[in-house]
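Taking the hints into account, I'd like the entire structure generated from these sequences.
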Amino acid sequence: GQNIDQPTEMTATEGAIVQINCTYQTSGFNGLFWYQQHAGEAPTFLSYNVLDGLEEKGRFSSFLSRSKGYSYLLLKELQMKDSASYLCAAGGGADGLTFGKGTHLIIQP
Amino acid sequence: EAGVAQSPRYKIIEKRQSVAFWCNPISGHATLYWYQQILGQGPKLLIQFQNNGVVDDSQLPKDRFSAERLKGVDSTLKIQPAKLEDSAVYLCASSFGAGSGNTIYFGEGSWLTVV
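Protein chains in written order, with my numbering: chain A, 1 to 109; chain B, 110 to 224.
In short, the hints are calculated from the structure, not lab data.
Predicted model, so just to flag it, every value in this text is computed and none were measured.
Be aware that one or more of the hints could be misleading.
Residues of chain A placed beyond 10 Å of chain B at every Cβ, according to the derived structure [as the list claims (entries may be wrong)]:
{"hint": "1", "residue": "14"}
{"hint": "2", "residue": "31"}
{"hint": "3", "residue": "53"}
Pairs of lysine-lysine, DSS-like flavour, derived with a Cα cap of 25 Å [said to hold, decoys possible]:
{"hint": "4", "chain 1": "B", "residue 1": "180", "chain 2": "B", "residue 2": "192"}
{"hint": "5", "chain 1": "B", "residue 1": "120", "chain 2": "B", "residue 2": "192"}
{"hint": "6", "chain 1": "A", "residue 1": "101", "chain 2": "B", "residue 2": "171"}
{"hint": "7", "chain 1": "B", "residue 1": "180", "chain 2": "A", "residue 2": "101"}
{"hint": "8", "chain 1": "B", "residue 1": "124", "chain 2": "B", "residue 2": "180"}
{"hint": "9", "chain 1": "A", "residue 1": "76", "chain 2": "B", "residue 2": "171"}
{"hint": "10", "chain 1": "B", "residue 1": "124", "chain 2": "B", "residue 2": "192"}
{"hint": "11", "chain 1": "A", "residue 1": "57", "chain 2": "A", "residue 2": "101"}
{"hint": "12", "chain 1": "B", "residue 1": "187", "chain 2": "B", "residue 2": "124"}
Using N, Cα and C, we set each Cβ at its ideal position, and we do this for glycine too.
Set out below in structure tokens:
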């Protein structure tokens, strides 16, 4: 099985940078996903890491350390529309993803 | 490209009644998932299909929940009888193949309120 931990809520300022951490414990591991979910909407795919290191995609970057069971999502130049929940999810083998409870990110002007 | 389609979008039922949700995955996606998301929590996998076969249904409450994907495309999730704690969003998702290296794409969800 999988155990995913991430902070429940974070607050950041428009234009700033925020890092959302995620730790996981797995019986098997085949990649770490980040999804964004706005209130009342479905989760949308942000990033996927399977190798150690940083993956950059515009204002969003995701980092993975497999030896530490640790990932983070880095959001730069924050905009008000980035207010959402950010879900960390890990997968093992042929199974579907196991999601954390999500981090509710609040962006203040 | 059309996304994952779900219906109905919203449903309110009384406890002990039944409800069914329908899902049409992205064309060509062999793997279909049903997730349950309770308010304030992350999605929880209920069942995973690979074509028309079940890969994982270990977290599906089989005494009241059932799901099928008879022709390997559309799927239906049924709850009978519903309980108050079943109030949640039921998310259907699909991916090209099984295995978590495949990105999962979600539908907009079916919101269930049991009163």
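List in ascending order the numbers of the hints, as given earlier, that are violated by the structure.
2, 4, 7, 8, 9
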